[in-house]
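In case you want the letters, here they are:
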Amino acid sequence: GESVGLHLPTLSVQEGDNSIINCAYSNSASDYFIWYKQESGKGPQFIIDIRSNMDKRQGQRVTVLLNKTVKHLSLQIAATQPGDSAVYFCAERYSSASKIIFGSGTRLSIRP
Amino acid sequence: DAGVIQSPRHEVTEMGQEVTLRCKPISGHNSLFWYRQTMMRGLELLIYFNNNVPIDDSGMPEDRFSAKMPNASFSTLKIQPSEPRDSAVYFCASSLQPFDEQFFGPGTRLTVL
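From first to last, the protein sequence lines are chains X and E.
Last residue of the first sequence? That's 112 in the working numbering, and every number before it is there in order.
Last residue of the second sequence? That's 225 in the working numbering, and every number before it is there in order.
This is chain X alone, in the form it adopts within the complex:
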């Protein structure tokens, strides 16, 4: 079936360390992937996206890696800060004419 899922439902990271949040997808036809951050009481917020013709994309303190061979997506956050505490969702789009499907989310907590 078509699904977007996450390896780890929760992740605890020491402040200042790097965080890696993983996501598996099952639809090999997906051509576009997005990471969203959702803080408590707020709506999801776009972080970074990547198209299927790329395997890496960098933003400010964040990097998304795409491995199409094993259908795996990851979000790396450098020097994790308390403000990074949130639930992170990966999402996929099957084609440019289809809706976006969200995964179940990973909660990231930061230890001081």
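Mixed in with the good hints there might be a few duds.
[Said to hold, decoys possible] If you want the footprint, here are the derived chain E segments under chain X, 3+ residues with CB under 8 Å:
hint	stretch
1	157-169
2	179-190
[Said to hold, decoys possible] Here are the simulated DSSO-like cross-link-like pairs (lysine-lysine), alpha carbons at most 27 Å apart as the crow flies:
hint	chain 1	residue 1	chain 2	residue 2
3	X	K42	E	K190
4	E	K136	X	K42
5	X	K42	X	K68
6	E	K190	X	K99
7	E	K136	E	K180
8	X	K99	X	K68
9	X	K99	E	K180
10	X	K56	X	K68
11	X	K42	X	K99
12	E	K136	E	K190
13	X	K42	E	K180
14	X	K56	X	K71
15	E	K190	X	K68
16	X	K56	X	K99
17	E	K190	E	K180
Note that these hints are calculated values from the structure, not bench results.
Since the model is a prediction, treat every value here as computed from it, not as a measurement.
C-beta: ideal position from N, C-alpha, C; glycine also.
Given the coordinates of chain X, work out where chain E should sit on it, guided by the hints.
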């Protein structure tokens, strides 16, 4: 820009009552999306509009749910009659075009008793 505006932020109602959720998209955005978020099912797309026209309503759970977009700056999601299983956070999002980055509102937390 104020971002996507949703009202009310919280709604508590009794089973059988009609519930209307409201959304004002970001000015200039042509696409509007309604999502529902629950612990069990995560974030689900209910319906989306492009240029005020419903494009995909395959996520609408059943006939009790209806959505309208009478103009480019306003949309409603109505549940009639409401049931306890409708309790969730409902998000509205908008984007320039259907498959561009979506900007989410703060959500409406609905509790049906």
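Verification of the supplied hints:
no. : hint               : in the structure
1   : 157-169            : holds (count 3)
2   : 179-190            : violated (count 0)
3   : K42/X with K190/E  : 22 Å, holds
4   : K136/E with K42/X  : 16 Å, holds
5   : K42/X with K68/X   : 31 Å, violated
6   : K190/E with K99/X  : 22 Å, holds
7   : K136/E with K180/E : 12 Å, holds
8   : K99/X with K68/X   : 20 Å, holds
9   : K99/X with K180/E  : 19 Å, holds
10  : K56/X with K68/X   : 11 Å, holds
11  : K42/X with K99/X   : 22 Å, holds
12  : K136/E with K190/E : 15 Å, holds
13  : K42/X with K180/E  : 24 Å, holds
14  : K56/X with K71/X   : 14 Å, holds
15  : K190/E with K68/X  : 40 Å, violated
16  : K56/X with K99/X   : 23 Å, holds
17  : K190/E with K180/E : 8 Å, holds
Checked against the numbered hints given earlier, this structure breaks hints 2, 5 and 15; the rest are met.
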